[in-house]
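**Student:** We have chain A already, so just place chains B and C with the ligands on it with the hints.
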Amino acid sequence: MTQLALVIDLNVCVGCHACVTSCKQWNTSGQAGPLFDDNPYGQDPTGTFFNRVQTFEVGEFPCTETIHFPKSCLHCEDAPCVPVCPTGASYKRAEDGIVLVDYDKCIGCKYCSWACPYGAREFDENQKVMKKCTLCVDRIYDTTIPPERRKPACVLACPTSARLFGDVHDPESEVSIAIREGGGYPLMPEWGTKPANHYLPRRKTKLRIHEDELVRADNPLRKEDIRHETGKDVTLDDWLM
Amino acid sequence: MNPAFSVIVLTTLIGVGQGLFLALFSSQAFTIVKVLPTQPNGYYALGGAIALCFLGGGLVASFFHLGHPERAWRAATRWRTSWLSREVIALPAVMGLVFLYAIVNGFGLEADLYGWNIPGQVALTVGTLGVAATLTLFLCTGMIYGAIKFLQEWATPLTVVNYFLLGSASGFTFAAAYASFMAPNVVKFYAGWAITLTILAFFTRAAALFRNARIKRVATVQTAIGVRHAKVQQRSMGFMGGSYNTREYFHGRTVLFLKSVKWIFLVLVFLVPVALLWTGLPEGRPALLVAAFLAQYVGLLFERWFFFAQASHPQNLYYQFVG
Amino acid sequence: MPHTTDTADSPTPHEEVRTTTCYMCACRCGIKVHLKNGEVRFIEGNPDHPLNQGVLCAKGSSGIMKQYSPARLTKPLRRKSGAERGAGEFEEISWDEAFGILEERLARIRSTDPKKFALFTGRDQMQALTGLFARQFGTPNYAAHGGFCSVNMAAGLIYTIGGSFWEFGGPDLDRAKLFVMIGTAEDHHSNPMKIALSKFKRNGGRFISINPVRTGYSAIADEWIPIRPGTDGALLLALIHEIIKQGLYDRDFLVQYSNAAELVNQDPASPEYGMFVRFEVPPEEGCFDPQNKLWWDRDMDRPVSTMTPGVEPRLLGAFTLPDGTPVKTAFELLRERVAAYTPDWAAGITGIPKETIIRLAHEMGVTARDQKIELPIAWTDVWDNEHKTITGNPVAFHAMRGLAAHSNGFHTIRALGILMSILGTIDRPGGFRHKAPFPRPIPPCAKTPVRPEDVQPDMPLNGMPLGWPADPDDLFVDDDGQPVRIDKAFSWEYPLSVHGLMHNVITNAWRGDPYKIDTLLIFMANMSWNSTMNAQQVRKMLNDKDDDGEYRIPFITVVDAFQSEMVAFADLVLPDTTYLERHDVMSMLDRPISEFDGPVDSVRIPVLPPTGQCKPFQEVLIELGTRLALPAFVDKDGKRKYRDYPDFIINFETAPRSGIGFLAGWRGRGGEKSMKGEPNPNQWEMYEKNNCVFHYHLPKSYQYMRNWNQGYLQWAQAHGMTRHAEPINVHIYSEVLQKFRLAAQGRGDGRQPPAHLRKRVETYFDPLPFYYEPLEASLTDKRKYPLSAVTQRPMAMYHSWDSQNAWLRQIHTYNHLYVNPKTAAAHGIVDDDWIWVESQWGKVRCMARLSEAVEPGTVWTWNAIGKAAGAWNLDPSANESKQGFLLNHVISEELPAHAAGEHLSNSDPVTGQAAWYDVRVRIYKAAEDEPHETSPQFAPVPAAPGTSARRPWQNYFAGKFTRGGK
Ligand SMILES: Nc1nc2c(c(=O)[nH]1)N[C@H]1C(S)=C(S)[C@@H](COP(=O)(O)OP(=O)(O)OC[C@H]3O[C@@H](n4cnc5c(=O)[nH]c(N)nc54)[C@H](O)[C@@H]3O)O[C@H]1N2
Ligand SMILES: Nc1nc2c(c(=O)[nH]1)N[C@H]1C(S)=C(S)[C@@H](COP(=O)(O)OP(=O)(O)OC[C@H]3O[C@@H](n4cnc5c(=O)[nH]c(N)nc54)[C@H](O)[C@@H]3O)O[C@H]1N2
Ligand code: SF4
Ligand code: SF4
Ligand code: SF4
Ligand code: SF4
Ligand code: SF4
Ligand SMILES: [Mo]
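Residue numbers (the working numbering), protein chains in the order written: chain A, 1 to 241; chain B, 1 to 323; chain C, 1 to 966.
Bound conformation, chain A alone:
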């Protein structure tokens, strides 16, 4: 069985928000759109976005880590938002595990969002239906798009390629390998929702220099100052035969 998902590499995410606006522009004009904006030019502008990039700080100065943390729907394998939906508008596709909302069925009761511990759903205040990341279902199967571009908009946009996309059930897929080898982890595993999306942690490259490595035989300083001018004074050398 296929489970499509994103794997987000926190090791390289610089928090640029490219995934945020590329998602918005793809989806506002796509099948999930339009995506509402309220007060776009006034006070407290707000709007429907499927993907946000947040920032966390870990530790205390000077041992601070700044973590940029993108988050969209995690397409949970045991998606708690699905069974609670009274209309069936919220569903998980059997064929690829994408969790979607059928806007035509949604009554806008918001109950599914209560059941999402990740805050990944957004209510469209204009269409009055629940919306969320669709994993760009209207891109990834679109045969009019060149095959290598049949990926979510956010994945294509991401300048650091921090967003990987693929089937986490296929052990040989890029995403599965990344999870396996990069220590990928799910968010809030304690809830048992089994998020399909995974996150790759920060990794550090360190350099240790051994004292012996500092000064080598070819140290350029040896080429300086070692040739002293020939002494003019009489030395023992002049005397000993």
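Derived by calculation from the structure, the hints in this document are not laboratory data.
No incorrect hints appear here.
Straight line, CA to CA, 35 Å or less: simulated DSBU-like cross-link-like pairs of lysine-lysine:
1) C/Lys676 / C/Lys639
2) C/Lys388 / C/Lys700
3) A/Lys92 / A/Lys105
4) A/Lys92 / B/Lys216
5) A/Lys223 / C/Lys372
6) C/Lys925 / B/Lys231
7) C/Lys199 / B/Lys231
8) C/Lys960 / A/Lys105
9) C/Lys960 / A/Lys110
10) A/Lys206 / A/Lys223
**Tutor:** Frame of chain A; chains B and C with the ligands shown alone:
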């Protein structure tokens, strides 16, 4: 959570409606076995109609909560998995049965269904079904909240118990007030039960408060982003003008405000009604009993507000700081 | 596929796809614009573009909201008669009227005193054209944003290694093992840097960031080294100290490719004191280093001419020439210079522990030495030596305005250039790599005029408007040493101000110092807000009148695409097109988008028609040039030479039949030539067919060591990219600077600075880098103003111009001042408190945000999020003007009066680089009863005529705002 007025009104109104129906029916059942004095049919019919009004009021309120009320019928389709869907079925079922109950009593419909050869068998049958539906509805309503394990304040059997007890208590209180006009000889019955239920509810609600004050959070900011460190702080939630996630899940009130609401509802839901019922009980003074109900209902509005506001959604871990 | 929406009219997203180049920022990525019914549906990165390889940043992905922004100007406007400047009261006029006004005015100025017309441009990418126009007009008063942006970075490195970061070169992260990023938040190379950085990290490279703040790139660094602002010079000099001390420098590289081993005259009595000793002096030196200097032969223990085959020179030491002249090698002078700059000393200044500095130096030195790269690429150097391989020392650096935007930035950046050079990382794999047309000679050949007489009525300017002084004779001053330019660039105040000083234009023009001007034309710069220091006062100056009731700056023309804060101060507003509506070129004559492996230029091709009356400014310049009969734009009979801008681009040549024009690709009649060749009438079509980009791949053997690569230099010369195929040796020791110092010391018979500037020039024109405290700090009571205040670029906003973008402004709606919790606690400040940030120049009220990711002595904010009320057609209640704030109000454009005089620019004394990040502040809580809004506040300006109504809400759907969204 940010309490939605429509949901507060919905749950409190149907609670009264359900409780009132339970009160009417229990008194009627006692009449049938001759423990309580008989009342005219109109008494039950009118009472049923009033219960129906409460339930209908709740139904109307519920529509205000929906983005697409015109599609509300769809909500009945997922009863296999969704408590909300079950509620959506149970509520009309209760309303239908209460309606039938009122009709049966209003028109005095009689039939010797079971060959017991006593009157009231039809009312008893419809009423019993009504009780089953009402209890189911209590269960559904409670479970809508109780079933969401992420909302730890709600994810306890106490939630269902409280919905049941508080709804019933308010219904019995209302019944006491109602009876003080229509059937003074059963006021004591209602008021007695109202006091009992209110006190029981006090204990279960207090238990919930006690429990909630000591909740150990399952999810933390550490598990939310998967970083193990004692000090993890959000610096930016990624947008600044607010979003659905900040509007729906944050009440934006101070701790003091929350505390005040708690004390207000404790006084209004429990202390005042019990006192008034207690005083009103011997003489059946309608004014006191009406006051008891009003106080309790208003108190329940506060209680329900607090119920929502106190629930802290784990999604909030992701929406701590505008930046 | 099950539907997720009830949208019956679901679009085919790929109805029409057109290729062009993004300009949501200066990075210039390739994009594909998907149109539906002629309107934009989706913008994606072009996978076939060398720069962004298919990715797109947050801004680039929000182009739709820029295109359809209600802040867009769509009509030429004239200030309503009687209305005050700044009030934003306009009436629409026609283009004919607008051209008429300008033609009349400019013709009059040109025929009397051309310098009374000043043309300054902001973040544009067409300096080749605007510069050409200014020169043809005959005014010296032209510059672009470089002076207030990062000229220190350009000058500091170009005067040292012949190239620079910024748009001229960069770190080779494909091959580097250690990467040190200093003072960079985002930079121009936005997407390519991110692509490279993630590859680098995934390849296991070690990434160190030196920055007072840890955000963005620094967030993913393996190590963050917080530093006190303005002190990087101390750090870099200490690193050099330690590397020399340990012998971790690349001796061979220094000897062969730099002036480190060359002998410097140490006879204080000599007129040649501090100059390299020359064994013969050619009559004309040109703009290259003649190979006529001396080495000290290590074996024979005597001087020899440099590059004598078989000779190994001494790199360190003091010697006496046969004629008795005491000399030292340049490297010896450097070693003596850094002797006192110990890690211990630097620790006290930078706040970085001594151990960290020493470790850093060792990491750099050992990685460079022990992880050498050998590429099997044979090449020949300019001295005819054949090399079988290319070597690289895989330590790469990148730095930007964290170094540049300080008044000691030039020397700090020289120190960085020297550090990179002693590690042997110049134009080598894994180190720093040039991008065409760099490397250029040190300094490059272009020169400005040098005398007031070079400005004549009805004549083009006698020289380039901007250039690269090599000695005092190249300054643009009068006989008294007074500046000729309005911004005082190329004067003794800022001799190497190679990008001008745009940040002082308004103040100088207002004061009439050195003279008054008549017409100021501002293109693509928000000079009453973001790009001006001291914004509040400058806004008053723009609106200030003489006693006779005339404005002190009589006529201001603003060319903008949006209703920026600057628009309100215009007498005449010309509405420009957006990047999706015009032809543009990213030209080799300006700042192309070259890659390490060869020159790249690119174009924009309109994908949409102009909105309303919008007209590309390029067309405006061509039209004006033609009307004014400027020689470049008309033929011998004074007739129009170019139909329009595209026609100009095809046919213009830098000199008759030079074969060099704005575009390097598909030249020659049939497009068969590149770099050089006759005009090709189908050039635009060929660009269009090729992703709008021309990428010339140099042969591998020309891709490295280009300062000394014979093949490359000859190729570059043959293709008109450089004048001389001569080696460009690294200037560890800068004779150029020494020449100015000698003049300031009164030596020689050349030009000398006016008395009050002698000390200043003598001090700062040190041939070796040195550390000094930033000027403003040294003139500030630091007990009163203990903190440094800096800004950072947010990745999702471009300067001030994205607040009109409905999507981007949801990410940065207003800004906080970030404060370390310890610093905040000392002032009783908690999160979201309203506080004052105050410098000796002024104060701003803002909101505090506590952060562990900032050095305790620094406070910072995102740049240019705060807006003036009503600007950008935002509602006056918009958060940007209520909660957002502009730090520029507390930054001065001038230094306090001191020994070197009054009205000196708050800039680097060498280059005139605006010292944005020097300001010292204090913070304190706002009083309880103060309003919870930012201060200062400005009276709201009304929406300009021609802007569209603000949508109260919107649903954008493939080119439309659907369902009541209007
Ligand atoms: N998204 C986006 N991209 C842009 C721009 C934009 O507005 N938005 N602007 C473009 C322009 S015009 C430019 S010039 C470039 C500028 O590109 P950058 O130079 O990357 O931009 P700044 O934001 O000035 O970053 C300066 C960095 O230096 C740090 N800093 C400040 N003082 C010091 C110091 O003394 N020492 C050290 N080590 N660090 C210090 C700051 O904390 C900050 O991180 O960006 C370009 N790219
Ligand atoms: N405090 C502080 N101030 C700073 C800096 C800092 O780091 N800190 N950085 C400085 C630096 S490095 C720079 S480069 C400057 C940048 O400062 P500016 O060059 O002033 O940049 P913007 O504020 O974006 O203004 C550019 C103008 O161009 C307009 N524009 C946008 N697109 C188009 C177009 O297609 N055509 C035309 N004609 N106009 C267009 C915008 O509407 C805007 O009015 O800011 C400087 N100011
Ligand atoms: S992240 Fe939330 S919305 Fe997405 S599948 Fe999981 S529970 Fe549902
Ligand atoms: S809001 Fe829509 S999708 Fe969510 S539970 Fe209600 S009906 Fe289902
Ligand atoms: S997968 Fe598509 S819908 Fe989901 S966050 Fe990415 S762009 Fe948005
Ligand atoms: S686009 Fe990539 S790097 Fe940028 S915020 Fe999103 S995940 Fe991070
Ligand atoms: S970095 Fe972003 S805004 Fe700049 S040109 Fe590239 S895509 Fe456009
Ligand atoms: Mo800049």
